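Asker: Here the protein sequences come in this chain order: A and B. With my numbering, the residue at position 221 of the first sequence is 221, and numbering never jumps. With my numbering, the residue at position 73 of the second sequence is 73, and numbering never jumps.
One or more hints might be untrue.
[Said to hold, decoys possible] Listed below are the simulated EDC-like cross-link pairs for lysine to aspartate or glutamate, each with C-alpha atoms no more than 16 Å apart in a straight line:
no. : chain 1 : residue 1 : chain 2 : residue 2
1   : B       : Lys-9     : A       : Glu-215
2   : B       : Lys-91    : B       : Asp-17
3   : A       : Lys-165   : A       : Glu-109
4   : A       : Lys-89    : A       : Glu-115
5   : B       : Lys-89    : B       : Asp-22
6   : B       : Lys-9     : A       : Glu-208
7   : A       : Lys-165   : B       : Glu-62
8   : A       : Lys-165   : B       : Asp-22
9   : B       : Lys-107   : B       : Asp-94
10  : A       : Lys-89    : A       : Asp-72
11  : B       : Lys-89    : B       : Glu-39
12  : A       : Lys-165   : A       : Glu-184
13  : B       : Lys-9     : A       : Glu-210
14  : A       : Lys-127   : A       : Asp-72
15  : B       : Lys-33    : B       : Asp-4
16  : A       : Lys-45    : A       : Asp-72
17  : B       : Lys-9     : A       : Glu-184
18  : A       : Lys-89    : A       : Glu-109
19  : A       : Lys-123   : A       : Glu-161
20  : A       : Lys-165   : B       : Glu-79
21  : A       : Lys-165   : A       : Glu-215
[Claimed, not checked] Covered stretches of chain B (in silico footprint by chain A; criterion: 3 or more residues with CB under 8 Å from a CB of chain A, positions within the stretch not fixed):
no. : segment
22  : 31-45
23  : 84-90
[What the hints assert, rightly or not] Just a sample of chain B residues kept apart from chain A, beta carbon distances all over 10 Å, derived:
no. : residue
24  : Gln-3
25  : Val-16
26  : Val-48
27  : Asn-49
28  : Glu-62
29  : Asp-77
30  : Val-93
31  : Phe-96
32  : Gly-104
33  : Glu-108
34  : Glu-118
Bear in mind the hints are in silico, worked out from the structure with no lab data behind them. Predicted model only: the values in this text are computed from it and were never measured. Yeah, the Cβ is synthetic: ideal placement off N, Cα and C, and Gly gets one too.
The residues making up each chain are set out below.
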Amino acid sequence: MIQLQHVSFNYQRQEVLTDISLSFPLGQTIGIAGENGSGKSTLLKIIAGIQRPRKGTISIHQESLSRIHSTDIAYLPDTDLFYSFYTTKELFAFYASQFQDFSLQKALEVASFLEVDVHVKLKKLSKGNRGRAKMAATLGRNTSYYVMDEPFSGLDPIVRESLIKGLIRFTNVDEQSIILSTHELHEVEPILDQLIVLKEGRVIAQDELETIRFETNQDAVSWMKNVTKEKVK
Amino acid sequence: MTQDFTRDKPIYSQLVDIICGDILKGKLQPGDKMLSVREYSLEVGVNVNTVQRVYKELESMELTETKRGQGTFITIDEERILHLRENMKVKLVDQFLQSIAAFGFSKEEIVQILQRKEETK
Chain A
1 MIQLQHVSFN YQRQEVLTDI SLSFPLGQTI GIAGENGSGK STLLKIIAGI QRPRKGTISI
61 HQESLSRIHS TDIAYLPDTD LFYSFYTTKE LFAFYASQFQ DFSLQKALEV ASFLEVDVHV
121 KLKKLSKGNR GRAKMAATLG RNTSYYVMDE PFSGLDPIVR ESLIKGLIRF TNVDEQSIIL
181 STHELHEVEP ILDQLIVLKE GRVIAQDELE TIRFETNQDA VSWMKNVTKE KVK
Chain B
1 MTQDFTRDKP IYSQLVDIIC GDILKGKLQP GDKMLSVREY SLEVGVNVNT VQRVYKELES
61 MELTETKRGQ GTFITIDEER ILHLRENMKV KLVDQFLQSI AAFGFSKEEI VQILQRKEET
121 K
């Protein structure tokens with residue numbers, strides 16, 4: 001379980017996250033939604049141990065979370081941070097050199113499931129295929145948590161569907177959790193257990209998807225729009 | 001292909017309806033082995049936890065049986081399937097009556113149309 005208690009974060013004077021308390025149990029897929037600039041990426045970086053909260057605490061398995069725990073958390077950044085002259089296979093080799101939990105065999109299996117040619121340089125791949133390669137490298141790691149920042153952003157519906165299936169196929173719900181931010185809520189909703197909505201750095205709503213549908217007769221998209229609107233008033 | 005879902009109902013109950021439909025249409029026959037939770041989850045593109053709930057629901061409706069180490073099978077108890085058939089008919093008619101009431105139609109005028117359709121078939 002990853003637990004955040006009263007976490008706040010600011011870049012100089014600009015407050016990005018305010019008093020966030022959340023817990024992420026194992027065995028779930030949790031979505032984080034919110035408008036651009038609502039603090040999603042920063043929150044994910046804090047969960048992944050890349051940024052430290054200015055105030056509040058974050059713990060994993062009841063220990064205070066630090067960079068050491070990167071062995072238990074695989075982070076997929078939203079930007080292209082990889083050397084573009086690498087082939088996907090070289091990217092995997094780089095991951096293998098950095099992460100003990102990385103399984104080349106699993107990464108190759110994911111890559112073949114997602115139909116990525118691992119011998120082509122990243123810069124020669126389409127955006128969709130780079131997204132797939134990144135996903136394969138991330139899922140190649142065997143960690144308790146996968147933290148993914150906008151894994152579907154800017155990709156076409158077919159790529160999105162194959163990535164979503166890859167997430168189902170290559171994670172084990174009994175002992176792993178996925179925490180991902182997304183704007184493609186309609187497509188991602190079926191794989192989510194829980195949805196957290198951020199606005200201006202605060203958690204304005206959090207619920208289980210099936211509860212949202214059952215109690216409000218709304219899907220995640222309309223629910224999110226409504227809770228976001230309510231808070232404006 | 002992944003499944004499309006309507007907005008206003010829990011996904012698990014929509015999946016239960018789809019499987020019930022497959023049983024009634026005979027697409028799933030008594031004694032047939034069902035996909036594993038993980039396989040079905042992948043096929044419809046839905047969270048494994050949700051699919052687990054679907055399988056539990058089907059089991060509690062006594063439409064499926066799980067045999068240890070072998071998997072989940074459609075019941076061979078014809079009575080249960082007959083029961084599902086009757087229930088589903090009533091459920092559909094109730095839904096239909098509700099929707100015509102929402103438009104202010106009387107049952108009589110709707111029955112007339114149904115009969116006319118039946119005759120011109």
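Asker: Each of the hints needs a verdict: does it hold here or not?
Answerer: Here is how each hint holds up against the structure:
Of the supplied pair hints, the one linking Lys-9/B and Glu-215/A holds, its CA atoms being roughly 9 Å apart against a limit of 16 Å. For the given pair, Lys-91/B sits about 11 Å from Asp-17/B by alpha-carbon distance, which is consistent with the 16 Å threshold. For a cut-off of 16 Å, the pair hint linking Lys-165/A to Glu-109/A stands: about 13 Å separates their Cα positions. For the hint linking Lys-89/A to Glu-115/A, the alpha-carbon distance of about 13 Å falls within 16 Å, and the restraint holds.
This hinted pair checks out: Lys-89/B and Asp-22/B have alpha carbons roughly 15 Å apart, not beyond 16 Å. The suggested pairing of Lys-9/B with Glu-208/A holds, with an alpha-carbon distance near 13 Å, which does not exceed 16 Å. Of the pairs offered as hints, the one joining Lys-165/A and Glu-62/B is violated, with about 30 Å between alpha carbons and a cut-off of 16 Å exceeded. With a C-alpha separation of about 23 Å, the suggested pairing of Lys-165/A with Asp-22/B is violated against the 16 Å cut-off.
Between Lys-107/B and Asp-94/B, the direct Cα distance comes to roughly 12 Å. Compliance with the 16 Å bound is thereby established for this hinted pair. Distance check on the hinted pair: Lys-89/A and Asp-72/A sit about 23 Å apart at the alpha-carbon level, beyond 16 Å; violated. Between Lys-89/B and Glu-39/B the CA atoms are separated by roughly 30 Å; this puts the pair beyond 16 Å, and the hint is violated. This hinted pair checks out: Lys-165/A and Glu-184/A have alpha carbons roughly 15 Å apart, not beyond 16 Å.
Annotation: proposed proximity of Lys-9/B to Glu-210/A holds, straight-line Cα distance about 8 Å (limit 16 Å). A threshold of 16 Å between alpha carbons decides the hint, and for Lys-127/A with Asp-72/A the separation of about 28 Å lies outside it, so the pair is violated. At most 16 Å may separate the alpha-carbon atoms for a hinted pair to count; Lys-33/B and Asp-4/B exceed this at roughly 24 Å. A hinted pair counts as satisfied when its Cα atoms are at most 16 Å apart, and Lys-45/A with Asp-72/A qualifies at roughly 14 Å.
With a C-alpha separation of about 20 Å, the suggested pair Lys-9/B and Glu-184/A falls outside the 16 Å cut-off, and the hint is violated. Annotation: proposed proximity of Lys-89/A to Glu-109/A holds, straight-line Cα distance about 12 Å (limit 16 Å). As the CA atoms of Lys-123/A and Glu-161/A are separated by approximately 23 Å, the hinted pair breaks the 16 Å bound. Taking the CA atoms of Lys-165/A and Glu-79/B, the gap is near 37 Å; set against the 16 Å cutoff, the hint is violated.
Of the supplied pair hints, the one linking Lys-165/A and Glu-215/A is violated, its CA atoms being roughly 28 Å apart against a limit of 16 Å. Check result for the segment 31-45 of chain B against chain A: holds, 5 residues qualifying (beta carbon to beta carbon below 8 Å, three or more required). Chain A is given as covering the segment 84-90 of chain B, and this is violated because 0 residues of the stretch bring a CB closer than 8 Å to a CB of that chain, at least three being needed. Not every Cβ of chain A is farther than 10 Å from the Cβ of Gln-3/B; the closest lies at roughly 8 Å, contradicting the non-interface assignment.
Distance to chain A confirms Val-16/B as a non-interface residue, since its nearest Cβ pair spans about 12 Å, more than 10 Å. For Val-48/B, the condition that its CB be more than 10 Å from all CB atoms of chain A is violated, with the nearest at approximately 4 Å. Its beta-carbon lying about 6 Å from the closest one in chain A, Asn-49/B breaks the requirement of being farther than 10 Å from that chain. Every CB of chain A is more than 10 Å from the CB of Glu-62/B (nearest about 23 Å), matching its label as outside the interface.
No Cβ of chain A comes within 10 Å of the Cβ of Asp-77/B; the nearest lies about 29 Å off, and the non-interface call holds. Listed as outside the interface, Val-93/B is consistent with that label: its C-beta sits roughly 22 Å from the nearest C-beta of chain A, beyond the 10 Å cut-off. Under the 10 Å C-beta cut-off, the non-interface status given to Phe-96/B relative to chain A holds; the minimum distance is some 19 Å. No beta-carbon of chain A is positioned within 10 Å of the beta-carbon of Gly-104/B; the least distance is around 22 Å.
Taking the minimum C-beta to C-beta distance to chain A, about 31 Å, the non-interface status of Glu-108/B holds against the 10 Å cut. Against the 10 Å criterion, Glu-118/B stays outside the reach of chain A, whose nearest CB is about 34 Å from its own CB.
Consistency with the previously given hints fails for numbers 7, 8, 10, 11, 14, 15, 17, 19, 20, 21, 23, 24, 26, 27, ordered from lowest to highest.
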